[in-house]
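For chain A, the structure is supplied; the task is to place chain B on it using the hints.
Taken in sequence, the protein lines are chains A and B.
If you're matching positions, the first sequence starts at 1 in the numbering used here and goes up one per residue.
If you're matching positions, the second sequence starts at 1 in the numbering used here and goes up one per residue.
Be a bit skeptical, because a hint or two may be false.
[Unchecked claim] Just so you have them, the derived chain A footprint on chain B, three or more residues with Cβ under 8 angstroms:
id : stretch
1  : 283 to 293
2  : 334 to 346
[As the list claims (entries may be wrong)] With a Cα cut of at most 30 angstroms, we get these calculated DSBU-like pairs of lysine-lysine:
id : chain 1 : residue 1 : chain 2 : residue 2
3  : A       : K104      : A       : K79
4  : B       : K217      : B       : K200
5  : A       : K365      : A       : K231
6  : A       : K44       : B       : K602
7  : B       : K602      : A       : K119
8  : B       : K602      : A       : K79
9  : A       : K365      : A       : K234
10 : A       : K104      : A       : K119
11 : A       : K177      : A       : K234
[Claimed, not checked] In silico contact screen, one side only, chain B against chain A (beta carbon under 10 angstroms); selected entries:
id : residue
12 : N309
13 : V381
14 : D421
15 : F524
16 : A531
17 : D536
18 : F539
19 : G545
20 : L593
21 : A598
22 : T600
Hints in this document: simulated from the structure, not taken from any laboratory.
Just so you know, even glycine gets a beta-carbon here, dropped at the ideal spot from N, CA and C.
In case you want the letters, here they are:
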Amino acid sequence: MTGRTSQGSEVDQLVREAQRLGYTETSTRLLERAVEIADRRRDKRLAFWLRHQLVRYATFSSHPEIALVAFSWCLGQTKRDPRQFSLTQRFGDRTADCLLWQFKWVARIARFTQFSRDKIEEVAAALEAAYLEQGASPRSALKIRLQNAVVMNDNHLVRRLQQQWWSAPRDEWSDCKACDWAYYAECFGQIGEHENSLRSFQQLIESGASCVQTPAGDFGTHLIRAVRCGKSEKAWRWHRMGLQLQGDRNVFATSRAGHLAFLGLMGKAQEAIGLLERSVDWGVRSGSPRTRLLCHYGFRSLTQRLMNARLGQTPIRSGLLPCDHERRVTDISSVHTFFEDDVTELGSAFDARNGNQGEALRRQKWEAFADCSVDSDELPKFSVPEF
Amino acid sequence: MRSQFRLQTSRGPIHPYMAANQSPMLFQVDLHGVVDLLSNHLYSSQDVFVRELLQNSVDAVAARAALEPTYSGRILIELIGSGAGATLVVDDDGIGLTEAEVHEFLATIGRTSKRGTSLSELVDFIGQFGVGLLACFMVSDEIVVQTRSVRPGSSAFEWRGSAEGTYTLSEIRTERGPGMTLYLRSRPGTEGIFQPHHMKQLIRHYGGLLPVPISFKAGGPEELLTSPALPWETKGLSYQESREHVLRMGERLFGERFADYIPVEAPAGALSGIGFVLGHRAAPNSPRRHRAYLKRMLLTERADNLLPNWAYFVRCLVNAESLRPTASREAFYEDATLALVRDQLGEAIRDWIVRLAEEEPSRLDRFVSIHFEALKALATVDDDFFRIIIDVLPFETNEGVMSIGRLRRDEETIRYTPDRDTFRQIGPIARAQGLRLVDAGYSYDDDLLARLPLLAPPTKVDRVDGLWLANRFSEPTLEDRSEFATVLRQGDLALQEFHTDVVLRRFEPAHVAALHCLSSEGAFLRSVEQAREVSDQLFSSVLDGLADQGPASGRRAQLVLNLDNPITRTLSRVDEPEKLRNAIHLLYAQSLLSAHRALTEKEVDLLNQSTRRLLEWGLA
Numbered sequence: 001m002t003g004r005t006s007q008g009s010e011v012d013q014l015v016r017e018a019q020r021l022g023y024t025e026t027s028t029r030l031l032e033r034a035v036e037i038a039d040r041r042r043d044k045r046l047a048f049w050l051r052h053q054l055v056r057y058a059t060f061s062s063h064p065e066i067a068l069v070a071f072s073w074c075l076g077q078t079k080r081d082p083r084q085f086s087l088t089q090r091f092g093d094r095t096a097d098c099l100l101w102q103f104k105w106v107a108r109i110a111r112f113t114q115f116s117r118d119k120i121e122e123v124a125a126a127l128e129a130a131y132l133e134q135g136a137s138p139r140s141a142l143k144i145r146l147q148n149a150v151v152m153n154d155n156h157l158v159r160r161l162q163q164q165w166w167s168a169p170r171d172e173w174s175d176c177k178a179c180d181w182a183y184y185a186e187c188f189g190q191i192g193e194h195e196n197s198l199r200s201f202q203q204l205i206e207s208g209a210s211c212v213q214t215p216a217g218d219f220g221t222h223l224i225r226a227v228r229c230g231k232s233e234k235a236w237r238w239h240r241m242g243l244q245l246q247g248d249r250n251v252f253a254t255s256r257a258g259h260l261a262f263l264g265l266m267g268k269a270q271e272a273i274g275l276l277e278r279s280v281d282w283g284v285r286s287g288s289p290r291t292r293l294l295c296h297y298g299f300r301s302l303t304q305r306l307m308n309a310r311l312g313q314t315p316i317r318s319g320l321l322p323c324d325h326e327r328r329v330t331d332i333s334s335v336h337t338f339f340e341d342d343v344t345e346l347g348s349a350f351d352a353r354n355g356n357q358g359e360a361l362r363r364q365k366w367e368a369f370a371d372c373s374v375d376s377d378e379l380p381k382f383s384v385p386e387f
Numbered sequence: 001m002r003s004q005f006r007l008q009t010s011r012g013p014i015h016p017y018m019a020a021n022q023s024p025m026l027f028q029v030d031l032h033g034v035v036d037l038l039s040n041h042l043y044s045s046q047d048v049f050v051r052e053l054l055q056n057s058v059d060a061v062a063a064r065a066a067l068e069p070t071y072s073g074r075i076l077i078e079l080i081g082s083g084a085g086a087t088l089v090v091d092d093d094g095i096g097l098t099e100a101e102v103h104e105f106l107a108t109i110g111r112t113s114k115r116g117t118s119l120s121e122l123v124d125f126i127g128q129f130g131v132g133l134l135a136c137f138m139v140s141d142e143i144v145v146q147t148r149s150v151r152p153g154s155s156a157f158e159w160r161g162s163a164e165g166t167y168t169l170s171e172i173r174t175e176r177g178p179g180m181t182l183y184l185r186s187r188p189g190t191e192g193i194f195q196p197h198h199m200k201q202l203i204r205h206y207g208g209l210l211p212v213p214i215s216f217k218a219g220g221p222e223e224l225l226t227s228p229a230l231p232w233e234t235k236g237l238s239y240q241e242s243r244e245h246v247l248r249m250g251e252r253l254f255g256e257r258f259a260d261y262i263p264v265e266a267p268a269g270a271l272s273g274i275g276f277v278l279g280h281r282a283a284p285n286s287p288r289r290h291r292a293y294l295k296r297m298l299l300t301e302r303a304d305n306l307l308p309n310w311a312y313f314v315r316c317l318v319n320a321e322s323l324r325p326t327a328s329r330e331a332f333y334e335d336a337t338l339a340l341v342r343d344q345l346g347e348a349i350r351d352w353i354v355r356l357a358e359e360e361p362s363r364l365d366r367f368v369s370i371h372f373e374a375l376k377a378l379a380t381v382d383d384d385f386f387r388i389i390i391d392v393l394p395f396e397t398n399e400g401v402m403s404i405g406r407l408r409r410d411e412e413t414i415r416y417t418p419d420r421d422t423f424r425q426i427g428p429i430a431r432a433q434g435l436r437l438v439d440a441g442y443s444y445d446d447d448l449l450a451r452l453p454l455l456a457p458p459t460k461v462d463r464v465d466g467l468w469l470a471n472r473f474s475e476p477t478l479e480d481r482s483e484f485a486t487v488l489r490q491g492d493l494a495l496q497e498f499h500t501d502v503v504l505r506r507f508e509p510a511h512v513a514a515l516h517c518l519s520s521e522g523a524f525l526r527s528v529e530q531a532r533e534v535s536d537q538l539f540s541s542v543l544d545g546l547a548d549q550g551p552a553s554g555r556r557a558q559l560v561l562n563l564d565n566p567i568t569r570t571l572s573r574v575d576e577p578e579k580l581r582n583a584i585h586l587l588y589a590q591s592l593l594s595a596h597r598a599l600t601e602k603e604v605d606l607l608n609q610s611t612r613r614l615l616e617w618g619l620a
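So here's chain A without its partners, still in its complex pose:
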């Protein structure tokens, strides 16, 4: 707290509880409640600060839709009452403690299928204008456009923007080096340069750079690549490190999918089922269709392998997926069907919006991967689909 609420008030308690819990869905709900109280009191300054917090917590608990709504309200206030509210007003010591920084988190609207390419570009242009107004380097805006291009499977654009972004000067508005490095590695994966992807990620790990998201959410992306490069021992080590760092935070749903696909590839059925049960709802709980899709590709790959191993009838608990609601239990075969339908439906929605067949191709790759063993000669060395 920054002294904006009276000590012991309900809002204060909610915020402190949220801070105590860290970035979780519960914390996000607590902050939503705090926002509602501030709104009820018509305390705009408090509501602004609380929404600023809410954007952070929602973003890091995989609810970008909540973050986007809260951010929009704050942005609206900066335009209505610029003397009282501004994009660059800081609520902490760091550059990241202001609304302008958070613009980067919410501007990646390509992850929602309902937004057209034009709308996505309009938001990116609004972000660019806001950053340029502060005299910032084009780096931040380039990264947003790059991230949107990755989501839209526009690999030609990804290739161009990746280099432009990487060579643009860093400034105080740039993401941390760990995040940038991890994303640089991820972009190589997107355009099929898997050796470069792995090498860049290795450099990140060796550098020791880290932040709240990185590399906790990145190990899963590179495990299968590492196996393909003959670095199985390293992959196991990354697997363990990744799981340890992730804990049970569903913001790492995409990465968790990589860990599960890895366990499936390595034939660790029992371990995989245990881990799947702990994260089976993560994709559904995420407010980001993109996260859900990527998550379910990996989950589906594992369940396909389990079905191939005649483990389809293995019971598994789930709170949100189709199940026997009284007993809250389902089985591998049923969740597999759910994941399969989901990736088909969501993938088609993304392809329709993107105007290409990127997700259809990705789905085919995942399907091929699910049938290959770790030492299969049929797989080209780096054919494992990227996340």
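Just chain B, lined up with the frame of chain A:
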């Protein structure tokens, strides 16, 4: 003659096609650069040179003990003078070095203990002497070592190493026994380290648990700083005495009084020690600072990867005999053994809780009252533990805090709200209907309750919200339906733009005129609506896009009118449609306020206009 420090390199030609007459060249060592690397990038503080010295002496003593089973070693550390110009003397009666070993061990950087040399075969070194000795150059410009090997007929030698990267070696005529004496003179800027009190603290800090007797002397008599037993070994003490001893030790080491302690062991890392149970509720994301020793030498006070994530209420004091340290030897290396150790430690803590549940329920109750949240975290990932612990875990209900055991005894189906807002709104009303509700808006509660039917049958659970409660209310009679037909029709029209249906019910308490019920999607869409009211064109259209993903019907809320309420009853007697709509608007606004919902600008406007009209009609 002065010699250069050497860098250990591969023995054979690196490239398979290297011509036989091409002699391999040695890397050159910039010792200043290496020391700078150590002090600025590898070690967290200059103090670690004391740990390196202790490690060397302990290794030397262990090596001699391997040759002479009856030998028991000792180490004496003496500080002559203090501050600027002080000299530190570290003397051991260990195995000592021959001339060849001096060259090999004192002047070669990067030598590992796995090369099968006669000395390294004697003891399982965890140190790497070359690097360890280099650490001394962080605080001194010159290191002098006098040594004589324990091997029969060995001479004594003096080795002088300089921070410039050179050293000399000469045979000395002295009457010294086997072992090694090392001299360090403090470098300007390190005076603070070479103070008697500080030096004693450092030796205790790093080496207090070492099995070799270590004495310290600084002008006065020698003082023994170690004891042979590990501090958590409490043989010969009564239960109460050992409990007090261990808790007091925890307080001394961690600076806080703990509520309890758990003896822990992890065979995978030959690890043993104590897990201290915090006396206060900890945050799941609070830093985990465990104090860890490796072969009884302090490795770190900030080990953060020793325990599973759920065990954040425990601080460990442990010694491992076979875990691998990182290069700086200030943390454990993350490998398969450490992962196994983590599991085994988690199991030890879990077994302790299970034993409390079976044997000491009152101690468990105290523990649960502080750390129920962590127990809930563990129960979400461990089915067996869930079954054992679930009945004692506390949950908030609309009748006060209750254990799940009590809830299960009382009712076949446990009903809960997934968030606190819903609980606040409908909890008191449900209670008036005689319905007990659990508030599952706290961490893990939702997940735990959802798993009850599977893991603790025959209990059933039902996740409920305001719409569920409304369906439990008494239906209106046919007469009521007829009487209120106009109210319903006008009500739907009046609240259309707020995506709200009007329904009739009878429920307690009668003083509640209307209840605003909302699904979770409806709650989200209200926040979208609020943001849209203040957004520019671009973001307004973005928010429209988000809202389009909502429930297709467009109606996502209900205004439940209570027919037992006198105000509501009067609605049927309002003849004029405008006045009826006004009354519905007022009831709608009132129900939102009662539900602690923030009003949108449109709703505030609605409330103001409705009130103004009511006043105007009243005054007229």
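Here is how each hint holds up against the structure:
1. 283 to 293: Since 3 is at least three, the answer is holds.
2. 334 to 346: holds (count 5)
3. A:K104 x A:K79: The given pair, whose Cα atoms are some 18 angstroms apart, holds under the 30 angstroms limit.
4. B:K217 x B:K200: 9 angstroms, holds
5. A:K365 x A:K231: Judged against 30 angstroms, a Cα distance of about 22 angstroms means the pair holds.
6. A:K44 x B:K602: Between K44 (chain A) and K602 (chain B) the Cα gap is close to 17 angstroms, so the pair holds against 30 angstroms.
7. B:K602 x A:K119: Given that 30 angstroms is the threshold and the Cα spacing comes to 27 angstroms, the pair holds.
8. B:K602 x A:K79: Holds. K602 (chain B) to K79 (chain A) sits at ~19 angstroms (cutoff 30 angstroms).
9. A:K365 x A:K234: With Cα atoms ~24 angstroms apart, K365 (chain A) and K234 (chain A) stay inside 30 angstroms; holds.
10. A:K104 x A:K119: 16 angstroms, holds
11. A:K177 x A:K234: 23 angstroms, holds
12. N309: 5 angstroms, holds
13. V381: 6 angstroms, holds
14. D421: Result: holds, 6 angstroms to nearest chain A Cβ.
15. F524: Constraint on F524 (chain B) satisfied, holds at 7 angstroms.
16. A531: 4 angstroms, holds
17. D536: Holds: closest Cβ of chain A sits about 6 angstroms from D536 (chain B), inside 10 angstroms.
18. F539: 4 angstroms, holds
19. G545: 5 angstroms, holds
20. L593: For L593 (chain B), the interface hint holds, since the closest Cβ of chain A sits about 8 angstroms away, which is under 10 angstroms.
21. A598: It holds, given that the least Cβ distance between A598 (chain B) and chain A is near 3 angstroms, below 10 angstroms.
22. T600: At 9 angstroms from the nearest chain A Cβ, T600 (chain B) passes the 10 angstroms test, so the hint holds.
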